[in-house]
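Engineer: As given, the protein sequences belong to chains A, B, C and D, one line each in that order.
Residue numbers for the first sequence, in our numbering: 198 to 450.
Residue numbers for the second sequence, in our numbering: 3 to 348.
Residue numbers for the third sequence, in our numbering: 276 to 701.
Residue numbers for the fourth sequence, in our numbering: 37 to 494.
Hints were generated in silico from the structure; no laboratory data involved.
Beta carbons: idealized from backbone N, C-alpha and C, even for Gly.
It cannot be assumed that every hint is accurate.
[What the hints assert, rightly or not] So the derived label-pair ranges between C-beta atoms look like this:
#1 LEU316(B) x VAL640(C): 50 to 56 Å
#2 GLN377(D) x LEU508(C): 57 to 63 Å
#3 GLU453(D) x MET333(C): 50 to 56 Å
#4 LYS382(D) x LYS240(B): 52 to 58 Å
#5 GLY117(D) x VAL640(C): 28 to 34 Å
#6 HIS328(A) x PHE217(B): 56 to 62 Å
#7 GLY422(D) x MET333(C): 41 to 47 Å
#8 MET333(C) x TYR132(B): 38 to 44 Å
#9 GLU225(A) x ILE299(C): 29 to 35 Å
[Unchecked claim] Here chain B is said to cover these stretches of chain C; the calculated rule only asks that three of the stretch's residues, wherever they fall, bring their Cβ under 8 Å from a Cβ of chain B:
#10 411-420
#11 425-431
#12 581-595
#13 649-655
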Amino acid sequence: MGILEVRDVGKRFGGLQALSDVNLSIAENSVHAIIGPNGAGKSTLLNCLVGKLIPDTGSVSFEGQSVLGRKPHEINQMGISRVFQTPEIFGDLTVMENMMIPCLARRDGSFSLHGYRSLMADREIVDRAEHMLEDMNMSNKREMHAASMSRGDKRRLEIGMCLAQEPRLLLLDEPTAGMARADTNNTIDLLKEIKAKRNITIAIIEHDMHVVFSLAERITVLAQGKPLVEDTPENIKGHPKVREAYLGESSGH
Amino acid sequence: MDAIILQILNGLDKGSAYALIALGLTLIFGTLGVVNFAHGALFMLGAFCAVTFSSLLSFGFVPEDAGSTSVGGFSFGALQRETPYVVHWFGENAGNAIIDWAVPLSILFAIPVMIAIGVIMERGLIKHFYKRPHADQILVTFGLAIVLQEVIKYFYGANPIPTPAPDAFVGSFDFGAMLGFDPGSIVYPYWRLVYFFFAAIIIAAVFAFLQFTTFGMVVRAGMADRETVTLLGIDIDKRFTIMFGLAAAVAGLAGVMYTPINSPNYHMGMDFLVLSFVVVVVGGMGSLPGAVLAGFLLGIIEAFASMTEVLDVLPGINQIVIYLVAIIVLLTRPRGLMGRKGVMEE
Amino acid sequence: MTDQTQQTATVTQPRPRTRSSGGILGLTKKDFGLLVLVAILTIFAPVILNPFPAGSAMAQFNAGYPDLMQRFVIFGIFAIGFNILFGLTGYLSFGHAAFLGVGSYAGIWSMKLLTLNVIPAILVSVIVAGLFSLIVGFISLRRSGIYFSILTLAFAMMSYALAYSVLTPITGGETGLQLRASDPRIFGGELMPGMTPRATLFGMQMQDSTDLRFGAWTFTLNTGYYIAGIVLLVAFYLSIRIFRSPFGMMLRAVKSNQNRLNYTGLSPKPYTLAAFVISGMYAGLAGGLLVAMDTQVGAERMFWTASGEVVLMTILGGAGTLIGPILGAGFIKYFENIVSTINKSTLESWFAFMPDGLQDAFVAVIYPFVGKGWHLTLGLLFMLVVIFLPGGLVQGGSKLATVFRRDRKGGGVEDDAAAQRQAREE
Amino acid sequence: MTKTNFTRRGALKTGAATGAGLALPTIFTGAAWSEAHTGFTNAPQGSTVTLGFNVPQSGPYADEGADELRAFQLAVEHLNGDGDGGMLQTFSSQALDGTGIMGKRVEFVTGDTQTKSDAARASARSMIEKDGAIMVSGGSSSGVAVAVQALCQEAGVIFMAGLTHSNDTTGKDKKANGFRHFFNSYMSGAALAPILAAQYGTDRKAYHLTADYNWGYTTEEAIRSSTEAMGWETVNTVLTPLTQTDFSSYIAPVLQSDADVLVLNHYGGNMVNSLTNAVQFGLRQREVGGKQFEIVVPLYSELMARGAGENIAGILGSQNWDWKLENQLGDRYSGTNAFVQSFGQKYGFPPSQAAHTCYVQTLLYADAVTRAGSFNPCAVVEALEGFEFDGLGNGPTLYRADDHQCFKDVVVVRGKENPENEFDLVEIVEVTPVDQVTYPPDHPQFAGGSLGECNTGA
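Only chain A is shown next, with the shape it has when bound in the complex (with noise of 0.2 Å):
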């Protein structure tokens, strides 16, 4: 049983079946990839992940209880934290701000006013945040509005304020998408050392090749919304469904 499950799960968007019959069993404390062509499903697999989308049939549970019909921030309380494309951040907050608001979420959950507490005079929440700063390599950038630094910066620090919540399963969405090798490869050696050092699940959609090979453990290969095949690393590079249906469409990796 893994700390994720997907049970036949389908969606259906008009006319266009996007998901059909998607099993999918995530292990925990795995790096599991999901890669595929163009239009195979992938984001919409990860919306009805978490509670953006809500398939049409089956069932996705999380540590063995469903996360269907709950709305996002519910899922997220779950333990499920998400990194998305094109870093989702507060821009116009500074990066301590940025990161202090997952500190807080994960102490109280809910909705709260946090008393009147001026927000540095909270030791607890601040120690944590600036913990975590430290851990990002972020620690210079405290003060910065996060709008205005780099894009591997804010993938930084928006992958610092997910695990900031701890969570359980971690999901990633082309979290390397339009950067520069040298970006992508800072972020490979980030996400390994995060591995290395915590008791996480780490989920990524992925469509650079070298970013998934690098990283994964078990690798499932989606197309036109059905799940292709999932296997190990290896296996998959040299199955021939797989190229038929993906690698040679994607010339060169």
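Use these hints to put chains B, C and D onto chain A, whose structure you have.
Structural biologist: Only chains B, C and D this time, still in chain A's reference frame:
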């Protein structure tokens, strides 16, 4: 039955005005992403184009043989009776006919004036606010609206100015006789019918323009995705300027033709402003058909809410029906009747 | 939940100092400085606003009389509250005047039925406005952006239309509500027939004043004004605390990125609703103070233009800044009340020293902009401010400050929000 | 033009302070506007007295406000002995001699009511608190009049109402410090009824469109009760929102009913639009059961008539006063010509009834002060209560003590078919004499208020 037909006609007529104003407002919202609080002022300026044109036509001189005018035994400086130059030049009949047809004729006057005003507004002011927050757009266009209406007030005063329709359109058309009801049971004023058909033509023209010309296609593409169109190397800015001019002209023409229905005054724009925003939003942001549909829908609902039969059951419903409908629509359809996702939602 | 906030506000002692916090009253040094500045301005307003000797030609510009000072303070409170919603969360409500109006009606009914003491009246105003804003907010916050604005506008316009017509028995309709000697007041005893009921605070009447005269200058110290002033300081202090609290940060997070907030396990709605209700209560407070200072209420104060006015005040002063809304409120109220009273004879007396022709020319040029033309001046100033000072008046102030203090690096607290706005545009 | 110095208060304080020594502040405690040592608010000291003219300068009634302001300026001129003296010569009380009020030169301050009760009160308070006005006058709506009247009562200054027609002003909202010269809804009804009966017969079916606020309610009630008393039937009454601009959906049902008279209880922009719409729908040409369809507008105003243009032709209504009164109906209405003459000379066109009532109110106040020999509001109230006068354009008039309402003849007018110019749009049909429009003070339409006692503000 005939009462209901009459109210539908009334609703269509009110709706014509709403739809025309909302159409222009949506062009600006949708194409430029600008919250234009000065749009009501453009409607008002259109109406005052008609007023100005009429008074230009009536502009005259005091005949030398007139002698001193005395009214009720007093002589007042301001009360000299003038002979309009138009009458002087074209003779009694032709001259008076021209004056009589001042409102329809002022369309010709209003189109270039309103386009010019729109283009100047866009180039001179609005252009610099595309990337500013909506709040700043509201502040600057609201300021502009106040300035425009105060200028009109300075020259024309605060009182409504009667601007009658041509004599040919005075009176009513008897639908009753046509449809087999008793004669006289369903009569509708000619000018209001003119207004309705005029609005229909303008709306059709705007849609045809956007649908069938390459210019319109580019603008529609720009509405959907401005960046891509810019990447294609098309100078979308220039087109947007023209769209602003067009929207101003639509609002202005709506104002010109409205003058015989209600005497124009300097604050008529503000009276319509809030309502037109409600119409646009109920129609759905960024949707031209939505704006038109919502205009007519709200017009008809307003007409029905003012019937005695309705008021007896729900006293005061006529005061709030538009807002009530707006709330219900927005709660049941998140983006209005036909709104597009992501337009003005943040 | 908001009640709880206010309790905490009064009960919580400043926490042990930490690195960057501390200071007095739980404020940082900068924020405390700002509070002191506002306090000084409030206390000395009767002097500061009356810079011209009473007899001089420039006395027209004096604003230090009770009514206008009260309005500065009350609309300042209104705008501060609005800024908590709009400045922090970015939700642009176009119906806040409804809460002010409802607060006013509740307040006057409290004075009609309960007691002439202003404290119950103000409390009732705040509570009723809070409840009303809870309902309106709960419904309106189901939508965002322009859809939210129109929903709030629709609620406010319905309130106005009903108050002016159908609800006349409760609201007095066109003629509004005033206090009467014959009101069935529970506490405070029957007034003698013919006596004028007046709002009081433990025996002090709101319109009591003390005139201070220094030579040619006269300064009016008014009881009602100082009571309103104290409320302003409390309201301002609370708003600083909200801005600097984790809650305030959450609100800014709502404005910045709702999506991320959702995926951080937080639903934005309770935060926005809390902000909406708090700002609605601020509006109710302002409405209650309005009737406490001037015991009448008319439905026009709920018309959309009144809602628009507070939006303009906030943007004009600088949305998202602490002191901006107060400046914006003062700016608009000053023009409404001072420039509108300048008439042709006033102008003529100003330029009386000039030769006749020149005098006429000056009068002719200026006349359209004053008196009945005051709207024109206001409209022009809106445009000028927003064109040249994108961060509002606060930005203008900090620009001035940097001109005078070139050595100082960076701006103060207040520049932040203004600068941020500017940054986003680029 | 006169050069005026508006800050009387400041000037006198300079004097006071010099006496007290420059370094020491002088402190007076009391109500904001009270001069502790004189016993009443804003007691004029020195050689001037300040009046506050609070009129709409923005919003839909701005033109009416402008006309009121012209009249106020003219009245001040006349009081100060400038110009031709206007009605001072015809006024039955000859207490005023053109030397200001009790020898003090009259100065004035102006403000903008915006036709909003809040703004009007703010403006009036600025006049009282800042400029030291001892009397406030003007206004163009009943909402404003009631709000400002209550304020003046609290502050202890006199309020001389401008144009306000609702029964409430001197009915349920009457105040001891407030006075109304203008007529009211009841009087319109009482004045119109006999003339409507004479012109249109007693067997008529009336359809009312009524503005949905206090003034509309009182007017509808007044017209209904007086027309029903003479035999008319009211077939329907419909309330229309104040903010309505297009009345077509209210007019159309009139065509469906069997009504043969439409009564438009509307004022200002509402009236201009509803009348224009009614005429558009052909109601003027309509015949019902062999009777010509008629439209009635209870309260006429010159500016509204101008806004409605040719649509007013043949429409009956009532007015407080008309500038042609004396020429057409003789010297019962003396004073009219004197006023029209000096107004017309100064501004080039004839005055409106709003201008007239404001001018007269200013004179009446000045006269009452002079007769009382004091600016003390209570003395002024006493002098005005029960005051009978003539020569101010309305014929013999009584300021009734019970409710501070003026009782005088009411003019019934009709829109001219072919007006020669924009200032001469109505013709006088008849004048309903004062006894027919007088009602007992406890009339049900005026119930529920009490004057209270005059307040000096001390």
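Engineer: Hint by hint, note whether the structure agrees.
Structural biologist: Hint-by-hint comparison with the structure:
1. LEU316(B) x VAL640(C): 50 to 56 Å: Between LEU316(B) and VAL640(C), where Cβ atoms are some 54 Å apart, the hint holds.
2. GLN377(D) x LEU508(C): 57 to 63 Å: Between GLN377(D) and LEU508(C), where Cβ atoms are some 59 Å apart, the hint holds.
3. GLU453(D) x MET333(C): 50 to 56 Å: At roughly 55 Å between Cβ atoms, MET333(C) and GLU453(D) fall inside 50 to 56 Å, so the hint holds.
4. LYS382(D) x LYS240(B): 52 to 58 Å: Given a distance of about 55 Å, which is inside 52 to 58 Å, the answer is holds.
5. GLY117(D) x VAL640(C): 28 to 34 Å: holds, 32 Å
6. HIS328(A) x PHE217(B): 56 to 62 Å: Since the Cβ atoms of HIS328(A) and PHE217(B) sit about 59 Å apart, the hinted range of 56 to 62 Å holds.
7. GLY422(D) x MET333(C): 41 to 47 Å: Holds, at about 45 Å.
8. MET333(C) x TYR132(B): 38 to 44 Å: holds, 42 Å
9. GLU225(A) x ILE299(C): 29 to 35 Å: violated, 51 Å
10. 411-420: holds (count 5)
11. 425-431: holds (count 5)
12. 581-595: Coverage by chain B holds here, the residue count being 6 at a Cβ distance below 8 Å.
13. 649-655: holds (count 5)
The structure shown violates just one earlier hint, number 9.
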